[in-house]
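Order-wise, the sequence lines are chains A and B.
Just so we're aligned: 76 in numbering that gives the first Met the number 0 is position 77 of the first sequence, and the numbers increase by one with no gaps anywhere.
Just so we're aligned: 69 in numbering that gives the first Met the number 0 is position 70 of the second sequence, and the numbers increase by one with no gaps anywhere.
Hints may be right or wrong, so weigh each one.
Which copy is meant is left open, so a pair is good if it fits within one copy or across any two.
Stated by the list, open to error - Mimicking EDC-like on lysine to aspartate or glutamate, the simulated pairs with C-alpha atoms at most 16 Å apart in a straight line are:
id, residue 1, residue 2
1, K19, E35
2, K19, D128
3, K169, D56
4, K129, E165
5, K129, D91
6, K157, D29
7, K169, E138
8, K169, D91
9, K161, E35
10, K161, D27
11, K169, E122
12, K129, E62
13, K125, D29
14, K157, E122
15, K19, E141
16, K161, D56
17, K155, D22
18, K127, D85
19, K129, E141
20, K169, E141
21, K161, E23
22, K161, D85
23, K58, D27
24, K127, E62
25, K129, E87
Think of the hints as simulated: they come from the structure by calculation, not from any bench.
Source: prediction; values computed, not measured.
2 protein chains.
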Amino acid sequence: MGEARVAVLDAIRARRSVRKYRDESLNDEDLRAILEAGRWAPSGLNNQPWRFAVVRDTKVKDEIAEQTRYGEIIRGAPVIIAVFMDNEVSYDRVKDCQSIGACLQNMWLAVHALGLGGVWIGEILKNKDKVADILTAPETYELMAILAVGYPQHRKQKSHRKSVSELIFKEL
Amino acid sequence: MGEARVAVLDAIRARRSVRKYRDESLNDEDLRAILEAGRWAPSGLNNQPWRFAVVRDTKVKDEIAEQTRYGEIIRGAPVIIAVFMDNEVSYDRVKDCQSIGACLQNMWLAVHALGLGGVWIGEILKNKDKVADILTAPETYELMAILAVGYPQHRKQKSHRKSVSELIFKEL
Chain A
0 MGEARVAVLD AIRARRSVRK YRDESLNDED LRAILEAGRW APSGLNNQPW RFAVVRDTKV
60 KDEIAEQTRY GEIIRGAPVI IAVFMDNEVS YDRVKDCQSI GACLQNMWLA VHALGLGGVW
120 IGEILKNKDK VADILTAPET YELMAILAVG YPQHRKQKSH RKSVSELIFK EL
Chain B
0 MGEARVAVLD AIRARRSVRK YRDESLNDED LRAILEAGRW APSGLNNQPW RFAVVRDTKV
60 KDEIAEQTRY GEIIRGAPVI IAVFMDNEVS YDRVKDCQSI GACLQNMWLA VHALGLGGVW
120 IGEILKNKDK VADILTAPET YELMAILAVG YPQHRKQKSH RKSVSELIFK EL
């Protein structure tokens, strides 16, 4: 348990956005491990509202890249995972968005644990309907985020957070 | 990397809801490690919308327990972490709820990695304003979920998920 404990807490602490990738395609085993992590997220009533589109195809990736100012990241990533919510199984907007967040975080932690790098792109939601069209997603599917994944060019990224004591407003 | 990889993917896969706890208080170091995991969640514009109330006090815990049909879980847990969104720093409802979900998942994975057990209670949101009143939360804080944490009585819980192939609607 000791080492597992350290590994999990470290992954949570050390995961960073990686926006530049080496020109190398992702192997299928790693991709499956990432999606596997996503599917084990918790959800209210275990409704599992997440649905995935996996895109390696350059032409389709380019079309999707047009829909965000972070297009360069998408073009540079060997694979992107578009995460949708199926509104047909959604039962509570707030809770289902939280579940999607848990699913994305699971996948991102898996990306990190696998020695890969990724970034969660939310800005593209401004064009979520266009992305759904490009991917000919079912009518009830709504884009929630795109996760770009690849082999990191570097891991120099730093980040900061408020301290725990700033976040606790009450302790009883 | 090999072992860390296994540890993280295992934690994601093996984490289960734990609803019954031993009658033992949680040590402060473990509690801090859980909150530490939560604070390192990603958020859009790094706005870190999560805020925490930590409750060990039996009387307050009982009052909160009245607000959900899962009150018994809350009464039986040595500590609960009420997670709020600060609507003053929120910039996008969908993305901020996703970030809260990532924060909750980080904490839940930490709980598991620490050998503890926990459960994410969302049903209590039906009385979110009453819980906010009990905790005298600032006006802009909105309850998002409660995480109950303790030493598990057992770990027999099973769960199931759709297969990855059921979740991928497109692969290009």
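Comparing the hints with the structure gives:
For the identical chains of this complex, K19 and E35 are neighbours neither inside a copy (24 Å) nor across copies (28 Å), given an alpha-carbon limit of 16 Å. For the identical chains of this complex, K19 and D128 are neighbours neither inside a copy (26 Å) nor across copies (44 Å), given an alpha-carbon limit of 16 Å. Proximity of K169 and D56 under a CA criterion of 16 Å is satisfied inter-copy only: 12 Å between copies versus 50 Å inside one chain copy. Within a single copy, K129 and E165 get their C-alpha atoms no closer than 40 Å, and across copies no closer than 23 Å, so neither meets the 16 Å cut-off.
Taking the shortest alpha-carbon separations for K129 and D91, neither the intra-copy value of 24 Å nor the inter-copy value of 19 Å comes in at or below 16 Å. When the C-alpha separation of K157 and D29 is checked against a cutoff of 16 Å, the pair qualifies neither within a copy, at 25 Å, nor between copies, at 25 Å. Taking identical chains as interchangeable, the C-alpha atoms of K169 and E138 lie at most 16 Å apart only when they sit on different chains, with a minimum of 14 Å there against 44 Å within one chain. Proximity of K169 to D91 under the C-alpha cut-off of 16 Å is found in neither arrangement, the shortest distances being 27 Å within a copy and 25 Å between copies.
Proximity of K161 and E35 under a CA criterion of 16 Å is satisfied inter-copy only: 10 Å between copies versus 31 Å inside one chain copy. When the C-alpha separation of K161 and D27 is checked against a cutoff of 16 Å, the pair qualifies neither within a copy, at 37 Å, nor between copies, at 19 Å. Taking the closest pair of Cα atoms, K169 and E122 never come within 16 Å of each other, the shortest separation being 33 Å inside a single copy and 22 Å across copies. For a Cα distance limit of 16 Å, the shortest separation of K129 from E62 inside one copy, 10 Å, qualifies, whereas the shortest one across copies, 47 Å, does not.
When the C-alpha separation of K125 and D29 is checked against a cutoff of 16 Å, the pair qualifies neither within a copy, at 30 Å, nor between copies, at 40 Å. In the homo-oligomer, the alpha carbons of K157 and E122 never lie at most 16 Å apart, since the shortest distance is 21 Å inside one protomer and 37 Å across protomers. Within a single copy, K19 and E141 get their C-alpha atoms no closer than 27 Å, and across copies no closer than 36 Å, so neither meets the 16 Å cut-off. In this assembly of identical chains, the alpha carbons of K161 and D56 never lie at most 16 Å apart, being 39 Å within a copy and 26 Å across copies at closest.
In this homomeric assembly, K155 and D22 never come within 16 Å of each other (Cα to Cα): the closest approach is 18 Å inside a single copy and 45 Å across copies. Taking CA atoms no more than 16 Å apart as the test, K127 paired with D85 passes inside one copy only; the shortest distance there is 14 Å, against 26 Å between copies. Only within a single protomer do K129 and E141 lie at most 16 Å apart by alpha-carbon distance; the minimum there is 11 Å, versus 32 Å between protomers. In the homo-oligomer, the alpha carbons of K169 and E141 lie at most 16 Å apart only across protomers (14 Å), although the nearest pairing inside one protomer, at 36 Å, exceeds that limit.
Proximity of K161 to E23 under the C-alpha cut-off of 16 Å is found in neither arrangement, the shortest distances being 36 Å within a copy and 30 Å between copies. Taking the shortest alpha-carbon separations for K161 and D85, only the inter-copy value of 14 Å comes in at or below 16 Å, while the best intra-copy value is 33 Å. For the homomeric pair K58 and D27, neither the shortest alpha-carbon distance inside one copy (20 Å) nor that between copies (53 Å) is at most 16 Å. Only within a single protomer do K127 and E62 lie at most 16 Å apart by alpha-carbon distance; the minimum there is 13 Å, versus 42 Å between protomers.
With identical chains, the CA atoms of K129 and E87 are never at most 16 Å apart, being 20 Å at best within one copy and 30 Å at best between copies.
The earlier numbered hints that this structure contradicts are 1, 2, 4, 5, 6, 8, 10, 11, 13, 14, 15, 16, 17, 21, 23 and 25.
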